[in-house]
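Those protein sequence lines, which keep their order, are chains A and B. Counting from 5, one number per residue, gives the positions in the first sequence under my numbering. Counting from 5, one number per residue, gives the positions in the second sequence under my numbering.
Errors might be hidden in some of the hints.
Which copy is meant is left open, because identical chains are indistinguishable; a pair holds if it fits in one copy or across any two.
[What the hints assert, rightly or not] The list that follows gives simulated cross-link-like pairs (lysine to any residue, SDA-like), each with its CA atoms no further than 20 Å apart: (1) Lys157 <-> Gly250; (2) Lys29 <-> Gly238; (3) Lys157 <-> Asp249; (4) Lys139 <-> Pro127; (5) Lys154 <-> Ser230; (6) Lys29 <-> Pro107; (7) Lys234 <-> Glu160; (8) Lys29 <-> Phe262; (9) Lys157 <-> Ser98; (10) Lys29 <-> Gly143; (11) Lys29 <-> Leu261; (12) Lys157 <-> Gln114; (13) Lys166 <-> Asn57; (14) Lys29 <-> Glu263; (15) Lys157 <-> Trp44; (16) Lys154 <-> Asp249; (17) Lys154 <-> Asn41; (18) Lys234 <-> Phe262; (19) Lys29 <-> Ala187; (20) Lys29 <-> Thr240; (21) Lys29 <-> Lys139; (22) Lys234 <-> Ser36; (23) Lys154 <-> Ser97; (24) Lys157 <-> Pro42; (25) Lys135 <-> Pro107; (26) Lys29 <-> Ser98; (27) Lys154 <-> Gly217.
Hints listed in this document are in silico derivations from the structure and should not be mistaken for laboratory results.
There are 2 protein chains.
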Amino acid sequence: MSGTDLLHKVVFMLVAVSVVIGVQKVVDITHSLNEDNPRWPDGREFELNVISNGTDSTGGWYAYNDLLFTEHTGTHFDAPCHFAMFPGVYYSSSLPVERLVQPLSVINLQAQANYYRDYEATPNDIITFEKEFGKIPEGGIVIFDFGWSKYWKSFEAVYGSKSEDVTTFHFPGVGLSAAELLASRGVYGVGVDTPSVDYGPSLDFPVHRFLQGQNIFLLENVGNMSALPKGGDGVTLVVGAMKVDGGTGGPARLLALFEDTSSGNIPECALLTVTIVCQIIALFV
Amino acid sequence: MSGTDLLHKVVFMLVAVSVVIGVQKVVDITHSLNEDNPRWPDGREFELNVISNGTDSTGGWYAYNDLLFTEHTGTHFDAPCHFAMFPGVYYSSSLPVERLVQPLSVINLQAQANYYRDYEATPNDIITFEKEFGKIPEGGIVIFDFGWSKYWKSFEAVYGSKSEDVTTFHFPGVGLSAAELLASRGVYGVGVDTPSVDYGPSLDFPVHRFLQGQNIFLLENVGNMSALPKGGDGVTLVVGAMKVDGGTGGPARLLALFEDTSSGNIPECALLTVTIVCQIIALFV
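Could you put together the complete structure from these sequences and hints?
So this is what it looks like as structure tokens:
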């Protein structure tokens, strides 16, 4: 067998294998809703009222609940109309649906937030991220990982305050200059694992107002991102946001999709790259 | 240039092109929630209470609402614990998340339902579908399209009754034998564009009880599927179901993802198939 023939066979096998091994992984970065969730003080508490939980008149099982809550509860989505109003501003039911399925970038600022609770992400944090993972794509969704999801069960740990007085809050967020840089990249969405994209001490929410004024949606109280590839590299985020006429947001199921490479599977794009390289070599041998 | 060299170049170009053209399309098959949604009579009506809708003390815009509703409202998800109770039954927060992202099959029974409102899907409907689109995959999600989403704005059109008396309801659903065949295929979810997988006249919900007893989730009042590829071929459905501790279901954002071939783009899998065929030929020329 000549070298060229061998190369043909290797390429053929690689391409054939790439068709069958694309194992998709799904990671849920959504906190479960319940009555103990730490919540922003001005909203009503989450209530689950059990209406039926047992056998019905036919002798079969029948269980269901009523749910009562404020839109901006738990892991949730802020439609741009939450903090901005202009012609064409998006409500939860009018946001173009392709914006809900986009490449994810996860900017890990756990060390910074661990060092200083009131840390605000800077343009330099974004530029540092881009040096490692490439430029944030137009239309992408960027989530800042401050390591805050580990605090989720405790109001005091999340808000840095025993009191519901908003002037006592301390938690990290996104600085206005960083938000401006993200908007210049053309992102569709910005998220945090804290209760607000504006850091705890903010009382006038300039980052909410700026980003939503650009029709950019927000994600808050995002759940644990530790099972995602570093930087969110290769992840498509699906934002399963509630769709409500006149809705300013709502609980969102956040599902991160990516090719699983942890169990020895090779991602399709890697195989295609190898295939292309082999093809180029094959042109010259 | 020899025939083999030309073939190499063609294969190379095809593979290279396949890397860059994967244009993903997102179709939303979710009805918007609002206070006029036709609803099952025993649940509370959907309420959106405006809490803020104007400028706040800082002079900036601030709008949000409280939402109050029954879990089984609008386009929604039934966790298996809605109609079944056994050790290991899934709640909305405990359902394995990979079950929410699976290949979709859409079985179109619009003609049958148009002819007879109380039509129940049969095993033969499934077998006919499989002859055209291939066997329903293990773990897949199957939705029956009765053409019912066109009736969504009218309670009478959806339920076939002016009355909320459940004994007067007429709409199509899934027959028990068809449900048994789907369960034998190992599906994770079964959906309909009507208010219930059990047809209108049912009063004891055998299909709910059977499927949920197999830990299969349900989707009801699914929105317009007309923009999907025929049969749901090549579609991955993402079920953005609310995640509630103790939840028996909830509104779900249903996003259908597929490669867009309508604008002349060729799906990656087709290119890979062509590539493999070329490779096989290349081995012998």
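Taking the hints in turn, this is what the structure says about them:
1. In this homomeric assembly, Lys157 and Gly250 come within 20 Å of each other (Cα to Cα) only across copies, at 17 Å, whereas the closest approach inside a single copy is 31 Å.
2. Taking identical chains as interchangeable, the C-alpha atoms of Lys29 and Gly238 lie at most 20 Å apart whether they share a chain (11 Å) or sit on different chains (18 Å).
3. For the identical chains of this complex, Lys157 and Asp249 are inter-copy neighbours only, at 13 Å across copies versus 31 Å inside a copy, given an alpha-carbon limit of 20 Å.
4. Only within a single protomer do Lys139 and Pro127 lie at most 20 Å apart by alpha-carbon distance; the minimum there is 13 Å, versus 51 Å between protomers.
5. In this assembly of identical chains, the alpha carbons of Lys154 and Ser230 lie at most 20 Å apart only when taken from the same copy (10 Å versus 43 Å across copies).
6. In this assembly of identical chains, the alpha carbons of Lys29 and Pro107 lie at most 20 Å apart whether taken from the same copy (15 Å) or from different copies (14 Å).
7. Within a single copy, Lys234 and Glu160 get their C-alpha atoms no closer than 29 Å, and across copies no closer than 52 Å, so neither meets the 20 Å cut-off.
8. For the identical chains of this complex, Lys29 and Phe262 are neighbours both inside a copy (5 Å) and across copies (17 Å), given an alpha-carbon limit of 20 Å.
9. For the homomeric pair Lys157 and Ser98, the shortest alpha-carbon distance between copies (18 Å) is at most 20 Å, but the shortest distance inside one copy (33 Å) is not.
10. When the C-alpha separation of Lys29 and Gly143 is checked against a cutoff of 20 Å, the pair qualifies only between copies, where the shortest distance is 14 Å, while the shortest distance within a copy is 22 Å.
11. Proximity of Lys29 and Leu261 under a CA criterion of 20 Å is satisfied in both settings, with 6 Å inside one chain copy and 15 Å between copies.
12. Taking CA atoms no more than 20 Å apart as the test, Lys157 paired with Gln114 passes inside one copy only; the shortest distance there is 18 Å, against 48 Å between copies.
13. Taking the closest pair of Cα atoms, Lys166 and Asn57 never come within 20 Å of each other, the shortest separation being 35 Å inside a single copy and 29 Å across copies.
14. Taking the closest pair of Cα atoms, Lys29 and Glu263 come within 20 Å of each other both inside a single copy (6 Å) and across two copies (19 Å).
15. In the homo-oligomer, the alpha carbons of Lys157 and Trp44 lie at most 20 Å apart inside one protomer (14 Å), although the nearest pairing across protomers, at 35 Å, exceeds that limit.
16. Taking the closest pair of Cα atoms, Lys154 and Asp249 come within 20 Å of each other only across two copies (18 Å); inside a single copy the shortest separation is 34 Å, beyond that limit.
17. In the homo-oligomer, the alpha carbons of Lys154 and Asn41 lie at most 20 Å apart inside one protomer (13 Å), although the nearest pairing across protomers, at 38 Å, exceeds that limit.
18. Within a single copy, Lys234 and Phe262 get their C-alpha atoms as close as 12 Å, which meets the 20 Å cut-off; across copies the closest is 26 Å, which misses it.
19. In this assembly of identical chains, the alpha carbons of Lys29 and Ala187 never lie at most 20 Å apart, being 29 Å within a copy and 24 Å across copies at closest.
20. In this assembly of identical chains, the alpha carbons of Lys29 and Thr240 lie at most 20 Å apart whether taken from the same copy (11 Å) or from different copies (13 Å).
21. For the identical chains of this complex, Lys29 and Lys139 are neighbours neither inside a copy (24 Å) nor across copies (23 Å), given an alpha-carbon limit of 20 Å.
22. Within a single copy, Lys234 and Ser36 get their C-alpha atoms no closer than 24 Å, and across copies no closer than 35 Å, so neither meets the 20 Å cut-off.
23. Taking the shortest Cα distances, Lys154 and Ser97 sit within 20 Å of each other only across copies (18 Å), while inside one copy they are farther apart (31 Å).
24. With identical chains, the CA atoms of Lys157 and Pro42 are at most 20 Å apart within one copy only, with a shortest distance of 7 Å there and 37 Å across copies.
25. In the homo-oligomer, the alpha carbons of Lys135 and Pro107 lie at most 20 Å apart inside one protomer (17 Å), although the nearest pairing across protomers, at 36 Å, exceeds that limit.
26. In this assembly of identical chains, Lys29 and Ser98 lie within 20 Å of each other by CA distance solely across copies; the values are 17 Å between and 29 Å within a copy.
27. Taking identical chains as interchangeable, the C-alpha atoms of Lys154 and Gly217 are never at most 20 Å apart, the minima being 31 Å within one chain and 35 Å between chains.
In this structure, the earlier hints numbered 7, 13, 19, 21, 22, 27 are contradicted, and the remaining ones agree with it.
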